[in-house]
Amino acid sequence: MSSDHSAHSHDTHASAPSWEGGSEPFKASYGKLMMWYFLLSDAFTFSAFLVAYGTLRFSMPTWPVPDFVFSTLPFGIHHQPLIFVTIMTFVLIMSSVTMVRAVQEGHRENKKGVVYWMFLTIIGGLMFLGCQAWEWTTLIKGESMSITKNPFGTHTENGVYLEGDGHDIKEGDRFEAGQSYLIHYHDGHYQPLKMKTDAGEIKVQQMGPKAFGALFFFITGFHGFHVFSGVVFLLIIMLNVASGIYSKRKNGYEMVEKIGLYWHFVDLVWVFVFLVFYLL
Amino acid sequence: MSANHHTHIETDIHIEKQGFDDHFHEHHEGDKFQTNFIFKYIFSMDHKMIARQFLITGMLWAIIGAAMSIIFRLQLGFPNESMAWLKPILGKWITINEAGIGSLDPEFYYGLVTMHGTIIVFFVLTAGLSGTFSNLLIPLQLGARDMASPFLNMLSYWFFFLSGAVLLYSLFLSTGPFSGGWTAYPPLSALPQASSGSGAGMTLWLVSLALFVVSVLLGGMNYITTVLNLRTKGMSLWRMPLTVWAFLVTAILALLSFPVLFSGFLLLIFDRSLGTSFYVSDIFINGMALDRIGGSPILYQHIFWFLGHPEVYIIILPAMGLVSEVLSVHARKPIFGYRAMVYSILAIAFLSFIVWAHHMFMSGVNPFISNFFVVFTLIIAVPSAVKVFNWISTLYGGNIRLNTPMLFCIGFVSMFISGGLTGIFLGNSAIDIQQHDTYFVVAHFHIVMGVAAFFGMFAGIYHWFPKMFGRFMNETLGKVHFWITMVGAYAVFGPMHFLGMAGVPRRYYRFDSFEAFQGFDDMNKFITVAAIITFFAQIMFVVNFFWSMYKGRKMTTQNPWGANTLEWTTPIEAGHGNWPGKIPSVQRWAYDYGKDGIEFTQQHVPLREGEEHSSH
Amino acid sequence: MGHLSYEEGKKVVFKGLIILGIVTLVEVFVALLGKGYIIDGFHLPVWLMYMLMISMSLYKAYFIVYEFMHMKYEVPGLVKSVLLPTLLLTWMLIAFFSEASTWRKWRAQVNDKPIAAFSAPAAETHHDTEHKDGSPSEVEGHAAPVDSMAALPDTTHAPVKDEPKPEKHH
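Line order of the protein sequences matches chains R, Y and E.
Numbered by the working numbering, the letters in the first sequence go through residues 204 to 483 in order.
Numbered by the working numbering, the letters in the second sequence go through residues 13 to 628 in order.
Numbered by the working numbering, the letters in the third sequence go through residues 90 to 259 in order.
Same shape as in the complex, but just chain R (with noise of 0.2 angstroms):
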């Protein structure tokens, strides 16, 4: 983003690579070196993410099942579990692999090329906000989820329900532990059912660990973030692209690479994401 600015030539450096110094040794400018460092260190941002879910799951008695809490799709779809966020992931993969193309064009300094595999990269990248945000308002509006309340508890005996929530869950129903349920929100109550649990405990439902709703929409969140700075940064480079800035630089067609890494990075983000929030 500053190459114009460098107080470098690069072409002096251009000798065969090696470590002797005045040359590249990973044969790769600094800009694109620069851009491998950064998702490094952004790889550790997202780990210490990941990491302190897993500390704060492991450190809790129950977690709930994911597949029971993300099973709902548009449309008045319910108990589908994981279909929508598997159609979220293929959106990215799909906007990964239009990336790859227009790098590939780039390579060819093909001007049209790049801009057209850009503009579905751009496309794929708003897909998967829209998704998000679908997905966000469902379990907000829908299932009162929210970053200070979770009502995605788990059971931990087995027993049977003593009264029903008019949905899903009816009077008698039996349960298993490790089996997920959604509390009721109803007249901005929620509405825990009474139950009996096989020892025969009169017990009511308790809320979830609250951590799960404000890790999933904070880590989710600040992916999304990443994603919206990324369709921020493709449709800048994607309009430099298209007026030919690029074409005039030597090596321009590199900005396009490095977006393109950080793009993939995003993608890459999203497969351990979708590993801890929707799989495990």
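Bear in mind the hints are in silico, worked out from the structure with no lab data behind them.
Mixed in with the good hints there might be a few duds.
Unchecked claim - Computed list of lysine to aspartate or glutamate pairs in EDC-like fashion (alpha-carbon distance at most 20 angstroms, straight line): (1) 169/E with 245/R; (2) 29/Y with 223/R; (3) 194/E with 294/Y; (4) 202/E with 245/R; (5) 563/Y with 585/Y; (6) 406/R with 96/E; (7) 314/R with 96/E; (8) 406/R with 360/R; (9) 344/R with 390/R; (10) 566/Y with 585/Y; (11) 230/R with 156/E; (12) 344/R with 374/R.
To be verified - Label-pair ranges, simulated between beta-carbon atoms: (13) 593/Y with 336/R: 30 to 40 angstroms; (14) 379/Y with 221/R: 48 to 58 angstroms; (15) 548/Y with 222/R: 45 to 55 angstroms.
Glycine included, each C-beta is placed from N, C-alpha and C at the ideal position.
Since the structure of chain R is already known, use the hints to place chains Y and E on it.
Just chains Y and E now, kept in the frame of chain R:
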């Protein structure tokens, strides 16, 4: 001064002959970025100017941070004396009773302690030390025109400046600055209602530190890529001076550890402002249970120290690098065990990432996992000892010039040994039960990473001042500065070991209500007096610094110390791009002192006839 | 650094799309199969499921980094300088997670203690603490330490005690 074997002209001839032309000055139409005051001195993109900006900002912060320590030392040494005279500076934080006795507000005392730590650790010893010398020396010693990205380099400084401005502002809040310790442990940092500084003060603290992380990352990426890509011809990694090695590894540490801190801070910000419970659980305020369940304050401590431990090496490694270089130059001997020095830097860097929980033995960490942390921690003694022995061996038999930079180097080694030894005590989880959070810890880390890092910094400043400002600092004042600081630092922190072993806890406001600590009043007085004297020696240094900038003895030769590294081949008044013509190419390693009976041979000088490369 | 011809590169891209797609589908399939959604009453052992899913995700990560981010075609030094530092996270994972399970065990120990162990006027056991907005307390069992602390004589705990118990008026 030793005889200069190479005059200006000889240096220039070598550069002209062996150097290579990158056509820099043809592309850059002179110094278009330095044409006016704003771009020359303020938004400068010249690494040498940015280094000076870092240095002077760091010095400013050092004065503020040290002055704070003097105020709380006064409280500790003389708790019954009136502090009414500080009213004009501290305002409402001094309460004056009917008898006219002014006393320091306890809340503000904690604020001072917290700010002292934050300022010295981050602003002075991270930005002021590594920021200054990485910027100054990486391009100069590697034979580069500037940093890889001068623009990001400029941003790095300005993020640092902004971060400082925010923290400075927090000092003037009516609720006071953050006062929960520089480590900002929850719940004091997580609940705005926990103490008066936990509100706006803590918010600004977090904003400031987040900006600081950005600054460090921008700088770090720049340093790493510069070292990788912009070394001049012939400057292989094993020919780099140890300074550059140290800066490289420091930058790597920063790049990997600061993001983790950043994550921890973001979670903390959520806890503070959005009511999440990442770090808090089972909290009662005034007997009322808060609706905060399920988090763990120890999680924050783990995340914090995952940064925090590498951070202490981010502080000390640049000092080690500077000392290795200065020591070798002024002992007129090659550094002993060059490769061992590099490997021990790398070993220390690696170990720094796996020992963090030794800061938390008493926090309720599982004692089983503590054992691993003890073992890893004690292993650090090995590379550290390697370095110490190498420094001492470098001195042995050297033709030592006992000038100020050299004195500070020797002081550094002394401090590093004394502080390092107490680290071995503290690294044992069993002994730590007695010592944790006492003045023993305070003494340990002040000596080993506070004073030692400052000594490294002083050595660097006295040594490279001519490079930065074209003049020398006053040598007599420098020596006085050294001796007062050396004796003063031991006088301040030596007795603290005894306080700590007696169990005197750190961070307390006063001790008169503790029967057991009554006997230490005189010791506390002594420490305070020593601290004040040492503080004034530093003021003397600052005066010397600014006076010498304008009135110091002028530098008349390019290479006044007879050093080998490339920064001494640039003109005395080096412009943007460092070398007026070609860039020198490197023919040998950086430590050819006394080789073949020749006092020193600079790196750009080709092998003499029949000469072989020094094996190292 | 294109080390592949343009046509080869294009092939790799579509191969990548298919590989990532299939692996993701298999992951989801394993998750659903393992938890008994696909064949009634059939579960995979948790460790097996987790191992499968983690290794597939690592494979995806490998593929993205090596093919899409072109790591495969970079100089080995660059690859090492970017990838080796991530190994530092191993010990971080071990230490943090071991800590987490310690906290869980210790909390459970505290919860299992009879309330009387905490102090004298053994308050009746609230099984759940209701908070102001009517939400029941957190994780089961986790409510206990709050209560037991509330039972300490010196803490006034009006909000905890005076709230009606959630025995169901809603």
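Now the hints, each set against the structure:
| no. | hint | result |
| --- | --- | --- |
| 1 | 169/E with 245/R | holds, 17 angstroms |
| 2 | 29/Y with 223/R | holds, 19 angstroms |
| 3 | 194/E with 294/Y | holds, 16 angstroms |
| 4 | 202/E with 245/R | violated, 44 angstroms |
| 5 | 563/Y with 585/Y | holds, 16 angstroms |
| 6 | 406/R with 96/E | violated, 65 angstroms |
| 7 | 314/R with 96/E | holds, 18 angstroms |
| 8 | 406/R with 360/R | holds, 11 angstroms |
| 9 | 344/R with 390/R | holds, 13 angstroms |
| 10 | 566/Y with 585/Y | holds, 11 angstroms |
| 11 | 230/R with 156/E | holds, 18 angstroms |
| 12 | 344/R with 374/R | violated, 26 angstroms |
| 13 | 593/Y with 336/R: 30 to 40 angstroms | violated, 59 angstroms |
| 14 | 379/Y with 221/R: 48 to 58 angstroms | holds, 50 angstroms |
| 15 | 548/Y with 222/R: 45 to 55 angstroms | holds, 49 angstroms |
In this structure, the hints that do not hold are numbers 4, 6, 12, 13, in rising order.
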